[in-house]
Every structure is written in C-alpha cells, then in structure tokens.
Amino acid sequence: MLNVDLLINGLIIGLFYALMAVGLTLIFGILRVINFAHGEFYMVGAYTYTFAALKLGTGPWFALPLAFAAGALVGWLAERTLMRPLYTGYTSWGLMRDEYSVVVTFALSLLLINLVDKVVGPYSQRGPALVDIPRMALGPIMLSGQKLVATAVAAAMIAGLALFIRYSSWGRQIRAVAQNRLGASLAGIDTTRASSLVFTLSGALAALSGALLAPIINASPDVGAFPAIKSYVIVVLGGMGSMPGSVVASLMLGVLESFGAVYISYDYRDTFGLVILMLVLIFRPQGLFGEKGREV
Amino acid sequence: MNRSQHRITTEFWWSLAFLAAIALVPLAVSNPYWLGVLIVSMYFALLAVGWNLLAGYTGQFSLAPACFAMIGAYTTGLLAYHLKVAPWLGIPAAIFVAAVIGMTLGRIVMRLRGPYLALTTLSFAEIMRLVIGNSYEFTRGDLGLNVPGLFEARLAYYYLFLAVLVAVQAGLYVLMRSKAGLYLQAIRDDEVAAASRGVDVVFWKTAAFTLSAAASGLAGALYGHFSQLVSPELGLLLQTGLVICMVVIGGIGSLIGPLVGAFLVYVSSEMLREVGGIQLIVFSLLVIIFARFFREGLWGLAKRVLQRRTA
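Here the protein sequences line up with chains A and B, keeping their order. Going by our numbering, the letters in the first sequence line up with residues 55 to 350, in that order. Going by our numbering, the letters in the second sequence line up with residues 28 to 338, in that order.
None of these hints come from the bench; they were simulated from the model. Idealized CB from N, CA, C, for every residue including glycine. The reader is advised that the hints may include incorrect statements.
[To be verified] To spell it out: a stretch of chain B is covered by chain A in this simulated footprint if at least three of its residues, at any positions, have a beta carbon under 8 Å from a beta carbon of chain A; those stretches are:
no.	segment
1	78-88
2	242-255
3	270-276
4	306-318
[Claimed, not checked] Okay, the calculated beta carbon distance ranges per label pair:
no.	chain 1	residue 1	chain 2	residue 2	range
5	B	L333	A	T135	57 to 67 Å
6	A	P176	B	V52	26 to 36 Å
7	A	Y141	B	N173	50 to 60 Å
8	B	P175	A	L127	46 to 56 Å
9	A	V173	B	E297	16 to 26 Å
[What the hints assert, rightly or not] Far from chain A, some chain B residues (derived; all Cβ distances over 10 Å):
no.	residue
10	T37
11	F39
12	I49
13	L54
14	V112
15	A120
16	V127
17	I135
18	V193
19	R204
20	V219
21	A329
Produce the entire structure from the sequences given, and follow the hints as far as they go.
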C-alpha cells in the first residue's frame, strides 16, 4: 500500500517537474542554450499568484492566469534584451557564444532573486489554495484537494502545449527552427519570432507551476533554485531538446525521488537526480531517449 | 617578444603595481573591520584568478570554483578537527586534495562543452555541498567546523594573503608567458584546430582544471583559518556567482582584470550593504551590461582610454 502511495505521489510531483522542464527543453531545442534563470520564472509566478490573490483580492482562480501572464512577460523580456544578440549576427564574440548565455542567464537569476528580496522581503509567503478540500484518502492514497486540482491543471497545460507544438502553425514553426535554424529561415519562417515565442511560453509555464505549487511550497526569493535544478536534470535525462523525452524523464525523476527518499536515504534525496545528471552527461550525452549522435 | 607576451607582461606589471598599492593600505587604514574586508577581497581575488585561468584563458566555463574553495577549507578543517593536524600541514594537504579532485573532474568532463560543461560542474558542486552539509557525524553539517587560527594579528593575515596572491599571480604570469599559455589559449579559441596543430588538448585541459582547483583550494584553506569557521556556505552557488561577477566586470581573459574586479566588487559590496543590501542587484546588472556590451570588462575599457592617449 505504501508503494502505491509513493508511486502516485511520485507521478504527481513528476507532473509538476514536467511543467517546469518542458519550457527549458523548448529553449534548449531552439537556441542550444541553458537558461539558468528558469527557476526565477517559477519564483515570479509564485509571487504574482500569492500577491494577486491575497493583496489585490482577485481570488485564486483569477490570480492563476495573472501569474501565467507575468511569467510570459518576463520570458519575453529576457529573450528580447539578452538572448537576441545570440542569433542576430554577432560574429566577433570576445566572450564565446555558449559562455555568453551562461554568464548572462546566471546574472539574470541573481538579479531577479535579489530584486524580489529587496522589494518584497526575504520572508516566505504562503499562497492561498485553489479549492478548500482537506486531505482525504482515495483508496490507499492520501491527497489534498489542492494537490488534486493543481495536478489536473498541470496535466491539462502539458497536453495543451503538446497539441499546440504538434498541430498549430506556430508549433510547426518552432519544431522547424529546432530541427534546422538556417533551413527554417530559408523556408520563410521568422526564426526570431519563433525564439521569442519559445521564451515567452517557457516563462509562462514555469510561472504557472510556481503559482500552482505556491500553496504547497511557500514563495520566497530563492524558491526557484530547487525546481530549476530538477529541470536541468530532466532536460539532460530526456535528451536535450526532446519534449516527450523530458515529460517521461520528469515522471521518472518524481517516482525515483519518492521511492529513494523512503528506501535509500531521506537526507540525500536531492542528490539522486544530480548524480544521474552527471552520469548521463558523461556516458550518454544524447539522453536516455535522445536522438542518436547529437553533437555534444 | 611577440604581441601576446607583450600584452601579458604589461598586464602583469600593472597588477603588481596594484598589489603594491594594496600593500600600503594598512599604513592609512587601521580599522580591523576594513582590513577584514580587504582580506576577504584577497580570498575572492585568489578564486577569481584561478577561475580566470580555466574560463578566461582555457575557455572552460566551470561553475565549481566556490566548491573547490569549500573542499580546500574542509580538508584542512577536518584534519585539524579530527586529527589535530597543524595548519602548515593542513594547507598543503588542502591544495593537494583540491588539485586531485579538480584533475579528476577535469578528466571526467573532458568531452563536454558550453552548457553541458556548466551543468555537469554545477551538479558536481551541488552534490559536494549537499554531501558535506548532510554528513553530520563527520563534518557537523550546517553547523560548521571550528578551525584554529594562524595568527593573533589581523595584519599578519593581511600580508599572508597578499604574499600568496603575489605568488599565484607571478606563477600565472610565468605560465601564460610560456608555450603553455599559448596552448591554453589555442584550446579556448578552437579546440579542434589546436589539436590538429599538435597541442595535447587532453593534457592541457586537465592541467588547467587541476591548477585552477589547486588555487581555489588554497584560497579556501586560508580563508578557513582566517575566519576560524568552515561551513558548507562556502560552496554556495551564490559564491560562484560572485566570482563570475568579479571576473566579468574586471575583464575576463586578462591577468589584471579579475584581480581588480575582485577588490572592486567586494569592497563596494561592503559599502553598498550599508546603503541597504542592494549590492547584488547592482553587480548582476553590471555583469549583464558588461557581458552584453563591453566584453573585455573594465580592463578593456581602461586599455582603450590608455591607447587613445598614446595614439
């Protein structure tokens, strides 16, 4: 019975990881950079949700789309101001291209954390629950109403994103740019707009997961570090840039952590994923489900 | 003397002049608080110089400099705490342990570039920090270890750090003026081309990782004996972020930039702390602006001004 509970809870956690990680995966797929400020998009969402619901009194269901919009705005701004020189013809890089993105996104992360810390304060804030249903037993599983609803929203968003990427015209353009940037631009696709769209989406999704988890994990300036590190692990595990891969990897990581915390060691639960990340990068850099022969 | 050697020599003499000025500061400042600030600046300068060798000269963007400082500090700290080993043995041991771990990490990440390298070294740093923070029985976890000091007087620490900094800087100068410096920079500019011209890429990349880790380990060990407390906080990613800020603002890939950057960032961060804790906001903004528009940092800007004067 314990095992069923662990499995289901692991899958639920994995679903939230997936909501974070797909954005990072999309960015990597299209720009070949890791966004080290991804966790701060999550943090922006958690704060927007909490403040809109509590201080502005909009109610949690209206605060959710607000958080989504705030994340989209931050993502869009980050791409517009910091990422655009990567692909608009800067040929003479003193600092190299890959390193520029590491330095700049790392600095953006520091900036957002400390800005929020200064403006809002370092104290953690609990977001209000979406629904007021206490913890209950569903067969062998203990679940709170909040967790159930948040899970449903997360699952719906991931399914919606998958459909968007698969069938919509913009989604096709994103996939084309991810496959071959030059080829896509020759075929008349606006690659700059596609990159901008990906950053906006990525920020929005990370912010949404921050908002959904705000009643469970209190919002604080550095709350994003933990989900961000999970997303790095997932993106690497799922094959850098592969969306289905990253969803499967998220669920696997969630389950692994929930079992590992009970059966291996609770204190070291956060190191499992990192060890896997190092092993995968060293021995199987294309990821568990990645394309064969992806350049490292 | 070719142009690259000429450039490095100029940078070296400027950095010695800068350090000479630092040596004279205690004549004017006797406030122990500000001497402490300068000592911590020198700790960061050691980290910045070590990271610059790896990132600026060899092109390997590791996110683990603070982690190696933590490893160095814990080596001498644990030796002193459990075995009562004296610092003059503990500090060389710290350099050795950090160098060996750095060499191993360098070999492991040999084939990785750019974002992959950054992610692997980041995970390595986080794993080390979590392991040290959670091994309560051995390391006392987040409580930290009490470590014996070296001297009574702050001034003695001040000149010890300064002497070490001068020695490291001189060592780096000799290294970068030799063929090794050209090999490292060739690897940074184009690894495949360097290999095709006969540069032993595996050896020199490993060497850069090892030396950089050794410098960080030394810095961490000295800092541990200075603050007399060693805790996992030394290895926080934020500390690595600070080191990156210092190098990028000062001027990455130059001998003097990281050094000046470290002093500038740390001293002004102490001043800004009094204004109300906005130091990290200012620095991260500056890093973004420098990385985006002035990729050669403050030293690059200073050089441009100097050249315009002479031209």
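So which hints don't hold here, by number, going up?
-> 2, 5, 17
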